[in-house]
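Trainee: Each chain is listed here by its residues.
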Amino acid sequence: MIDASNVGVRVRTELVVKDHSGPVPRVVEIIEIITVNGRLFSRVSRRIEAEGESHADH
Amino acid sequence: MPIIRAGRDTVAGLIVGTAVAAERKYDSTGAVIWVSSSTAGHNPATTWFGSAGGVASTMEATYPLRATNILQFRGGYTTGQANFEWNQWLLHNASQSDSGNPLLMSLQSCFIQKTNQQSVQFTTCVTITT
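Protein chains in written order, with our numbering: chain A, 4 to 61; chain B, 1167 to 1296.
It is possible that part of the hints are untrue.
As the list claims (entries may be wrong) - Non-contacting residues of chain B with respect to chain A, defined by C-beta distances greater than 10 Å in every case (computed):
1) P1168
2) D1175
3) A1188
4) A1206
5) A1222
6) A1227
7) T1228
8) Y1229
9) Q1262
10) S1285
As the list claims (entries may be wrong) - With the Cβ distance kept under 7 Å, some of the chain B side facing chain A (calculated, not the full set):
11) Q1287
12) C1291
13) T1295
Think of the hints as simulated: they come from the structure by calculation, not from any bench.
These numbers come from a predicted model, not from an experiment.
Positions of the beta carbon are idealized from the N, C-alpha and C atoms, including for glycine.
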């Protein structure tokens, strides 16, 4: 863990999940996780419906 | 997402040019993303997931990217890879578990339950802030 008071690390991670069960692979979910200095700041999962609509879970 | 001590020391060694063999750059041929089902607690001295092991993904072409103080790493997992509950991931500089020095380890409970019907593009942006 960074312990200096004036230096930090912010990490934003994105997982793009693609489903391959159908004839054409398509993106079904995007997960975003942000941490600041090792602590979870936010986590959002956005599911993408087949019609292109999306649904966010926080 | 704490920086691991071994990674901290690697950065220090690279800055002044005294890095030893395991202290390699986290560059296009060195950086490796690992994911694991491990649920072990964080220890800043650790360099591996433990007995749970992990699955590696080397950098996609052109990665990592750098924009001033932001580093971006990207790897990919096919339908046949890493089909388990992802609980932790690691940004490493080695494709073998027993070598190199990891920079970052993240512990998040089940951030995805990957199946063999899914592929995943894994991107992480590390911002060094002041």
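Trainee: Starting from the hint list further up, note which numbers the structure goes against and sort them upward.
Mentor: 1 and 10
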